[in-house]
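**Q** Heads up: the sequence lines are chains A and B, in that order.
If you read the first sequence in the working numbering, its first letter stands for residue 6, the second for the next number, and so on.
If you read the second sequence in the working numbering, its first letter stands for residue 6, the second for the next number, and so on.
For the record, the hints were derived by calculation from the structure and aren't laboratory data.
You may find that some hints are simply not true.
Which copy? The list can't say, so a pair holds if one copy fits it or any two copies do.
[To be verified] With a straight-line Cα cutoff of 20 Å, these simulated EDC-like cross-link-like pairs (lysine to aspartate or glutamate) come out:
| id | residue 1 | residue 2 |
| --- | --- | --- |
| 1 | LYS134 | GLU18 |
| 2 | LYS110 | ASP137 |
| 3 | LYS134 | ASP36 |
| 4 | LYS24 | ASP37 |
| 5 | LYS134 | ASP52 |
| 6 | LYS134 | GLU112 |
| 7 | LYS24 | GLU123 |
| 8 | LYS110 | ASP37 |
| 9 | LYS24 | ASP49 |
| 10 | LYS134 | ASP37 |
| 11 | LYS130 | ASP140 |
The model shown is predicted, which means the values in this text are computed figures rather than measured ones.
Number of protein chains: 2
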Amino acid sequence: MAISTNSDRQIQELQTLIKGIDYGMLTTVNDDGSLHSCPMHSIDELDTDGTLWFFTSANSHRVSEIEHNQQVNVSFTSSQNQRYISISGTAQLLQDRQKMAELWKPELQTWFSQGLNEPDLALLKVSIKQADYWDSRSSYHPQHINLS
Amino acid sequence: MAISTNSDRQIQELQTLIKGIDYGMLTTVNDDGSLHSCPMHSIDELDTDGTLWFFTSANSHRVSEIEHNQQVNVSFTSSQNQRYISISGTAQLLQDRQKMAELWKPELQTWFSQGLNEPDLALLKVSIKQADYWDSRSSYHPQHINLS
Numbered sequence: 006m007a008i009s010t011n012s013d014r015q016i017q018e019l020q021t022l023i024k025g026i027d028y029g030m031l032t033t034v035n036d037d038g039s040l041h042s043c044p045m046h047s048i049d050e051l052d053t054d055g056t057l058w059f060f061t062s063a064n065s066h067r068v069s070e071i072e073h074n075q076q077v078n079v080s081f082t083s084s085q086n087q088r089y090i091s092i093s094g095t096a097q098l099l100q101d102r103q104k105m106a107e108l109w110k111p112e113l114q115t116w117f118s119q120g121l122n123e124p125d126l127a128l129l130k131v132s133i134k135q136a137d138y139w140d141s142r143s144s145y146h147p148q149h150i151n152l153s
Numbered sequence: 006m007a008i009s010t011n012s013d014r015q016i017q018e019l020q021t022l023i024k025g026i027d028y029g030m031l032t033t034v035n036d037d038g039s040l041h042s043c044p045m046h047s048i049d050e051l052d053t054d055g056t057l058w059f060f061t062s063a064n065s066h067r068v069s070e071i072e073h074n075q076q077v078n079v080s081f082t083s084s085q086n087q088r089y090i091s092i093s094g095t096a097q098l099l100q101d102r103q104k105m106a107e108l109w110k111p112e113l114q115t116w117f118s119q120g121l122n123e124p125d126l127a128l129l130k131v132s133i134k135q136a137d138y139w140d141s142r143s144s145y146h147p148q149h150i151n152l153s
C-alpha cells in the first residue's frame with residue numbers, strides 16, 4: 006500500500022521505525038558486482054531532508070566500494086518487534102568536521118578511540134530514495150515510503 | 006583474520022552462526038542499479054556444499070530482479086548476541102517439487118497458505134561465495150569464511 010502523505014511525514018515515520026535499533030546492515034557493491042554487507046552503528050537520527058548518517062573510517066573497504074558504485078541498501082531489523090526495514094539510496098563520503106561534531110555520540114568511542122581526533126574519521130551520507138518495511142501488521146506485503 | 010580450516014568446517018561454523026535467527030535480509034539489485042532488501046524466513050539449514058535455501062513466490066519482484074542480476078547478499082542479525090553476518094552469493098530460482106517437500110516446514114504456511122500446493126511456490130537457491138561476520142568477540146574487524 007503506497008503511503009500518500011507528504012515527505013515530512015514519511016521521514017518522521019521512518020525515523021520512528023528505526024528508533025532504538027542500534028545497528029543497520031549496509032550493503033555495498035564490489036567491483037566484481039558481488040554484494041557485501043557490514044554492521045553500521047546507527048546514530049538514531051534522520052535529517053529532515055531524508056538523509057541517514059554513519060561514522061566510518063575513510064580508509065575502509067566499504068568506502069572504496071562506494072567510490073566505485075554509490076548505490077547502497079541499509080537494512081534495519083528488530084526481531085523483538087517483528088520489524089524489517091529496507092532503505093535504498095546513494096552514499097557519499099564526507100569529511101566535514103562541523104557535521105561530525107554535531108552528530109558525534111560518546112558510544113562511538115568504542116570504534117573510534119580518539120573520538121573526533123581520529124585521523125581518518127569520516128561520515129557516510131546516505132541520501133534515501135525509497136524505503137520499504139514489514140512489520141507484524143503488514144504481514145507479507147511491505148509498506149512503501151518513496152522520497153525520490 | 007582468515008580462517009584456514011577446510012570447507013566443511015567453515016560451512017558448519019556458518020550454520021552455527023545463523024541458527025536461531027528467524028529471518029535473513031535478502032538484498033538484490035534492481036534494473037536501475039538500486040539495491041533493495043526484504044526479509045526472508047530462514048529454514049535454518051545450510052546444505053553441506055554451502056547453499057542457503059528460501060521459499061518464495063515465483064512471481065515476486067525480487068525474483069524478477071534476480072533473473073536480471075544473480076548477485077545477492079543475505080544478512081543475519083542477532084542483536085541479542087551482538088552478531089552480524091553477511092553472506093555474499095548468487096541466487097537462482099528453482100521449482101523442484103522434491104526439494105521443496107524435503108525443505109518444507111509447517112511455519113511456512115503463514116506466508117503460503119496452501120502449503121506445497123501453492124501454485125507459484127518456488128525455491129531460491131543461494132550459492133554462498135563468501136561470508137563475513139562480526140560478534141562481541143571480533144569487535145570492529147570481521148571474521149571471513151571463503152567458499153569460492
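**Q** If a hint holds in the structure, say so; if it doesn't, say that too.
**A** Taking the hints in turn, this is what the structure says about them:
1. LYS134 <-> GLU18: Close inside one copy (15 Å), not across copies (36 Å); limit 20 Å.
2. LYS110 <-> ASP137: neither (27 Å within a copy, 27 Å between copies)
3. LYS134 <-> ASP36: between (23 Å within a copy, 15 Å between copies)
4. LYS24 <-> ASP37: neither (34 Å within a copy, 29 Å between copies)
5. LYS134 <-> ASP52: within (13 Å within a copy, 36 Å between copies)
6. LYS134 <-> GLU112: Neither way: LYS134 and GLU112 sit 28 Å apart in one copy and 34 Å across, limit 20 Å.
7. LYS24 <-> GLU123: neither (27 Å within a copy, 37 Å between copies)
8. LYS110 <-> ASP37: Neither: 35 Å inside a copy, 35 Å across copies.
9. LYS24 <-> ASP49: within (6 Å within a copy, 28 Å between copies)
10. LYS134 <-> ASP37: between (24 Å within a copy, 12 Å between copies)
11. LYS130 <-> ASP140: Result: close neither inside a copy nor across copies, 26 Å intra and 25 Å inter.
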